[in-house]
Amino acid sequence: MVSHILKDCGDNVINMLTDALDAGLSVLDKDLTIIWVNKTLPNMLNLHYNPVGRKCREVYACECQDSRHCSVLQALSTGKKTSNEIQLITESGVRKYIRNITTPVRDGGNNIAYLLKVSLDITQQEEKVRRISLLRKFAEVMQGMLQIDRLLHLALTCVTAGSALGFNRARLFLVDKEQNVIYGKMAVGPSSLEEANKIWSEIAHKNENLDDLIDASEKTRHYDTPLHKTTRLMAFSLTDEKEIIVSCVKTKKMILERNAFSNDQIDKKFVNAVGVNEFICVPLVVEGDAIGAICADNAYNRKPITEEQVELLSIFASRVALAFANAETYRKLWEKNQQLKETRERLIRSERLAVIGNMAAYIAHEIRNPLVTIGGFARILMREYADHKKVKQHTEIITEEVNRLEKILANIMDFSKPIETLKTSIQINELLENTCCLMGPYLKSAHIQVSKKFDPSIPKIIVDQTQMKQVFLNLIKNAAESMTQGGKLTVESMTEDEYIKIDFTDTGEGMTPEILQNLFTPFFTTKVDGTGVGLAVSQKIIDDHNGFIKIKSVPKEGTTFSISLPIKNVTA
Amino acid sequence: MKTILVVEDDKNQLLLYEQELSLEGYKIITARDGLEAIKKVREQLPDLIVMDITMPKMNGIEAMGKILSEHKKIPIIINTAYSRYKDDFMSWAADAYIVKSSNLKELKDKIKELV
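These protein sequence lines are chains A and B, in that order.
Number 572 marks the last residue of the first sequence (my numbering); no jumps.
Number 1115 marks the last residue of the second sequence (my numbering); no jumps.
Any given hint could be a false lead.
Below, a list of computed lysine-lysine pairs in the BS3-like style, where the Cα atoms sit at most 30 Å apart [as the list claims (entries may be wrong)]:
id	chain 1	residue 1	chain 2	residue 2
1	B	Lys1105	A	Lys389
2	B	Lys1040	A	Lys407
3	A	Lys389	B	Lys1108
4	B	Lys1112	A	Lys407
5	A	Lys392	B	Lys1011
Hints listed in this document are in silico derivations from the structure and should not be mistaken for laboratory results.
All chains should be modelled from the sequences, with the hints used to inform the complete structure.
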């Protein structure tokens, strides 16, 4: 039959037949120079020149430098038909997987004269296999990832990675049940076509494996890209069920939208925000509940979303959701544990304060009684010997010292006194104003300038006025005492989240880390005549109000004490 | 001459009050605990009582209650090292509450005011 056609059409028919094949054919001589090819081969390899006359290795630009894996060399040395698989980057920068089958052709003397090489393009199959294996490995890594942000970013990286799901862009949305909205959490992908082209030309030469992708995700996680920014601005009410992203999480079904702009069944707010005609939304379902969705598109290369991408994304999304649930459980557990730790520390602290307080009270009273007697009689002596210079002078010293001791005791007893609270609703600014006013003359005499920055819009809160005033007095006095050469004290009130925050900033000595560490320890003091109870008392009072104190201090520059008091006081 | 009963378990402190208050021109009688104080009031009926709180046998607050139930009119000054009894409503029955100090001025002023 063939010979019949040959007779009719000559050599042409061979070319016709070989060109019609899906496989690339080439004939090499013993020196591995190409002496003939069919038309399929240059197309397959994206060659821009005629390969005939060139060396095999040159044309295939194959990465396999090892002769044991080269089918041509193997065929030549063994004399048998040999096959192998190679991957190469074509001139236009596309990665291809090729299977080569080389058959030796012998001459009349049974010596190998030529080599017939059949090349099959197996890129698609190969990439699919690699993709699935990569996704599987990904899912494994994600299961062990406990930080939610890292996990989600890795997931999006995977959705956009050419070697994985290969979408151009991926956005992640999360459901906020309290606010009844779904909002943009993060996005991965180039922000413009230029950026996209740049990235593609870079990754074409790289066969991304799992570690590369994890690495890339970690590196780019903190970049605030334009795409990421715009995504974070997106939010849709869960009642807008005609928005695709909303209906995706409501129905818990994947939605592949191929013609969004002209689809009159849907509202366009989400579509316009995404800005492409074709995209896919996949819900993340955890225990029957959609916690969010991934939205992916091919905004730059405008390739239609393939069946394979759809299928892989849906499998992948379920793994992401599972990993998310894992991380979420872990986070909750961690939070509970943290709460427990804090409660325990609080308990220990108040226990310690109570013990110290009781002990201090006992000692203070035991000392006070004899002091009364000593001081009292010293006064009698001072009076009776008013005209005896030496006795008078010495008894005066005794009296003074006793006075000093009594003052310290009064301080300590204030500290150990069980605090009876009387909480009333008050505007903190008034109390601050009042305290500043009270301290006014003292601050003036210490050459300290006071700057008051009160936010008039802060709400009233419920506090014990006397105690709170005590705290303010303590902090202002502390600040003043740190500015021995005078300086500036800034008192500032503001609202911060659920708290009213009051800052006392001085331009004083500042504190070293060692001092900072012991600051709230009762009886710790750096002052010559301090008792070390002022801050401990303040801390206790703020604790009792469910607030907290924070300190920022730079040696030689100054210190800021920040008090935060909850606006809604639970124990009120 | 007005009579003042000073109730105080600390021997030396008692001596201090005796000396200082005598100088102010009062007749001073003393008691070392609550029980003795009640007895002294019955015997001599002072014009004013200076009462310590923490004492053996019977504390000042209990003694004060007993004395006031018999003699409603006697002014009583609580003179103690503790400030915390101020919040004890039993102590509110007293006419004054003084936290002890080696400077007796506050005590003397209060006595002058109440006698």
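For each hint, the structure was consulted:
With a C-alpha separation of about 24 Å, the suggested pairing of Lys1105(B) with Lys389(A) holds against the 30 Å cut-off. For the hint pairing Lys1040(B) with Lys407(A), the CA-to-CA distance comes to about 35 Å; that exceeds 30 Å, so the pair is violated. Restraint check: the Cα-Cα separation between Lys389(A) and Lys1108(B) comes to about 27 Å, which is no more than 30 Å; the hinted pair holds. Of the supplied pair hints, the one linking Lys1112(B) and Lys407(A) holds, its CA atoms being roughly 26 Å apart against a limit of 30 Å.
For the given pair, Lys392(A) sits about 25 Å from Lys1011(B) by alpha-carbon distance, which is consistent with the 30 Å threshold.
Hint compliance for this structure: hint 2 alone is broken.
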